[in-house]
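Those sequence lines, one after another, are chains A and B. Be aware that the first sequence starts at 1, since it is given in the numbering used here, and climbs by one per residue. Be aware that the second sequence starts at 1, since it is given in the numbering used here, and climbs by one per residue.
Derived by calculation from the structure, the hints in this document are not laboratory data. Do not rely on the hints blindly, as some may be mistaken.
Copies of the same chain look alike in the list, so a pair counts if it works inside one copy or between any two.
[Stated by the list, open to error] Taking lysine-lysine and the DSSO-like style, the derived pairs with C-alpha atoms no more than 27 Å apart in a straight line are:
| # | residue 1 | residue 2 |
| --- | --- | --- |
| 1 | K34 | K259 |
| 2 | K321 | K196 |
| 3 | K139 | K290 |
| 4 | K196 | K34 |
| 5 | K50 | K196 |
Protein chains: 2
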Amino acid sequence: MKTVILHIEFDAIIESLEGLETDQILLIVENSIKQEYPQQIERINNLNSKEVITLFVDGGEQVKEMGTFSQVLDYFITSGIHRESHLVVIGGGATSDMAGFVAATLLRGIKWSVIPTTLLSMVDASIGGKVGLNSTQGKNLIGAFHQPEYVWIDHNFLNTLPEVEWQSGWGEIVKYSFLIPPSKINFHQLQDIKSKQLIASCVQYKGRIVSGDALEEGQRRVLNLGHTFGHAYEKLFSISHGVAVSYGIASIFILLEQKEMLQLWQDIYLGNRCAVAPLPWTRDQFDTEKVFATIQGDKKRVAGAAIKLVTLSSVGNPLVKEISLEWISKEMERVRDELEQLRR
Amino acid sequence: MKTVILHIEFDAIIESLEGLETDQILLIVENSIKQEYPQQIERINNLNSKEVITLFVDGGEQVKEMGTFSQVLDYFITSGIHRESHLVVIGGGATSDMAGFVAATLLRGIKWSVIPTTLLSMVDASIGGKVGLNSTQGKNLIGAFHQPEYVWIDHNFLNTLPEVEWQSGWGEIVKYSFLIPPSKINFHQLQDIKSKQLIASCVQYKGRIVSGDALEEGQRRVLNLGHTFGHAYEKLFSISHGVAVSYGIASIFILLEQKEMLQLWQDIYLGNRCAVAPLPWTRDQFDTEKVFATIQGDKKRVAGAAIKLVTLSSVGNPLVKEISLEWISKEMERVRDELEQLRR
Chain A
1 MKTVILHIEF
11 DAIIESLEGL
21 ETDQILLIVE
31 NSIKQEYPQQ
41 IERINNLNSK
51 EVITLFVDGG
61 EQVKEMGTFS
71 QVLDYFITSG
81 IHRESHLVVI
91 GGGATSDMAG
101 FVAATLLRGI
111 KWSVIPTTLL
121 SMVDASIGGK
131 VGLNSTQGKN
141 LIGAFHQPEY
151 VWIDHNFLNT
161 LPEVEWQSGW
171 GEIVKYSFLI
181 PPSKINFHQL
191 QDIKSKQLIA
201 SCVQYKGRIV
211 SGDALEEGQR
221 RVLNLGHTFG
231 HAYEKLFSIS
241 HGVAVSYGIA
251 SIFILLEQKE
261 MLQLWQDIYL
271 GNRCAVAPLP
281 WTRDQFDTEK
291 VFATIQGDKK
301 RVAGAAIKLV
311 TLSSVGNPLV
321 KEISLEWISK
331 EMERVRDELE
341 QLRR
Chain B
1 MKTVILHIEF
11 DAIIESLEGL
21 ETDQILLIVE
31 NSIKQEYPQQ
41 IERINNLNSK
51 EVITLFVDGG
61 EQVKEMGTFS
71 QVLDYFITSG
81 IHRESHLVVI
91 GGGATSDMAG
101 FVAATLLRGI
111 KWSVIPTTLL
121 SMVDASIGGK
131 VGLNSTQGKN
141 LIGAFHQPEY
151 VWIDHNFLNT
161 LPEVEWQSGW
171 GEIVKYSFLI
181 PPSKINFHQL
191 QDIKSKQLIA
201 SCVQYKGRIV
211 SGDALEEGQR
221 RVLNLGHTFG
231 HAYEKLFSIS
241 HGVAVSYGIA
251 SIFILLEQKE
261 MLQLWQDIYL
271 GNRCAVAPLP
281 WTRDQFDTEK
291 VFATIQGDKK
301 RVAGAAIKLV
311 TLSSVGNPLV
321 KEISLEWISK
331 EMERVRDELE
341 QLRR
């Protein structure tokens, strides 16, 4: 199934909800959104043509724990649902990851749609149908592929976005700035990557890639640019996903000695307002052995002693390289030292 | 993906396991099988070409609880797995339902295969990719469709099958006796439906139906013959799944006043050794309101006040009828009384 992604105002979202082919909506809303947008939530709860069963949850990674998932399932099952129930989630990427997994597994799969409320979720998390939970051992180790029916992007939700969430979103936009061909839109010639119009370019790019490779058997892998190191940084240094991915991209360029690419990264990431997110570690904090062990642990999930890293031959031309873990281990000190030099 | 279903001896299963395209097998084995077939389990644990990570579980419906599922996931994740790991389950239908859901959700889905050890699982549960868990609210409310790669049926496991499991399997075979066209194999002319050759006919029929409608959007629904009443009987009278389904089929024939079909059911079910499973309730125990409420609760999962019941125009010609809940409620006393008359 192909997801319909729309940039849309809230009034039109209400109309779309009224038009869904169901008599029952299962609504999952982040508590922070309930507080900031009570009228909007009220309007959904009072749709003319639907019964709406609403559940409020706290956002953030803890929403992706097995216990929360189990409680959410129980809540909806007890409420009396059916196979044509349509799940709608309003929130950031972690919340929609969990909600999508609920939709994937409730009665062996019901339809669902997303109203993303963070920049990261708008440009990345809400698109592509990767849904799931974290395990104590790592992120997203439990999950499924379950494409949402609609993604309704209302940019107005960004008006109340906290600074830390802007930074996470920009980090992921930096990823797109390397993946999207300059002929489409050249992020690297823009003065300011905060522009909301850029969201549409990222969404369009990801939508196209994902619809051609829903199960990540090929082309879709390029979307993992920066994620091998990024996941380790996110876990070890408690920084946001997007910021971790951005530094993960820089790490790849350092590892593979792609100096021009690293310069571009500095220009776009450090040169823009997103640079208020500084390197999150000092040399003392950056324990190269721990970082390597985390990468290795993450990649135990790929058989063998080599891992596949995404890099670029030029902007817009990603490629996947197979690199031995042994070699990465050897180069870790250099990555750490060069990242340290980027600090200011 | 189409499942390969093979009737096979244990030596050949070992060969097939050695030939799987993976270096790691995640093995889930029912404790009862470990006790009865220790040498076979030992042989799998000592495959030449694979690392085998083994977990033993108790069989039966309690294996399909969320807590067990979560523990099984944790066990394998902690053991260090990867996307090419192949899960193999040895056990009855409940165990393979749970194990298949683990395979469906671990790292967003890994390959899996089944070695069914009960009659019910051989003819029904192991085939078709319906996997999942029970909720406190009802059976199979959480789950996915995830086709196994192989089903290896070794009839020798039936040598130690307990009587109650034979009866459950026969109940489900009675279902096939009505679904399979008499031109293929006429169960109703057989003296004894215990014959192991019949297993192959059931397997072939289900495999064909399922491969044409993996997500149960049409044709596959006929496999639910007897399940609407059957699920209620199973829940309320603590009888095995297959026996409940068989009486569920009789109930449909009574409800729709299909006297010839009911006579056929009596001949094949009550007339064979499976008849040692008597009607599991007396008139006093059969609370028609409770049975109806359970059917209604189960079917809340279909929108509206009518439910779809599978019946037959003749043997081998199933059809789906839409019947109002109100009418079923009205007829419940009659169903109870006529079932009561079948007691002996």
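Within a copy, between copies, both or neither: where do K50 and K196 come within 27 Å Cα-Cα?
For K50 and K196, neither the intra-copy (33 Å) nor the inter-copy (52 Å) Cα distance is at most 27 Å.
Under a CA distance limit of 27 Å, which applies to K139 and K290: within one copy, between copies, both, or neither?
Classified as within: same-chain Cα gap 17 Å, cross-chain 44 Å, threshold 27 Å.
With identical chains treated as interchangeable, where does the CA-CA distance between K321 and K196 reach 27 Å or less: within a copy, between copies, both, or neither?
Neither: 33 Å inside a chain and 53 Å across chains, both beyond 27 Å.
Can you give me the call for K196 and K34, within, between, both or neither, at a CA distance of at most 27 Å?
within (23 Å within a copy, 60 Å between copies)
Treating 27 Å as the Cα threshold, decide for K34 and K259: within, between, both or neither.
neither (46 Å within a copy, 59 Å between copies)
Of the numbered hints listed earlier, those contradicted by the structure are 1, 2 and 5.
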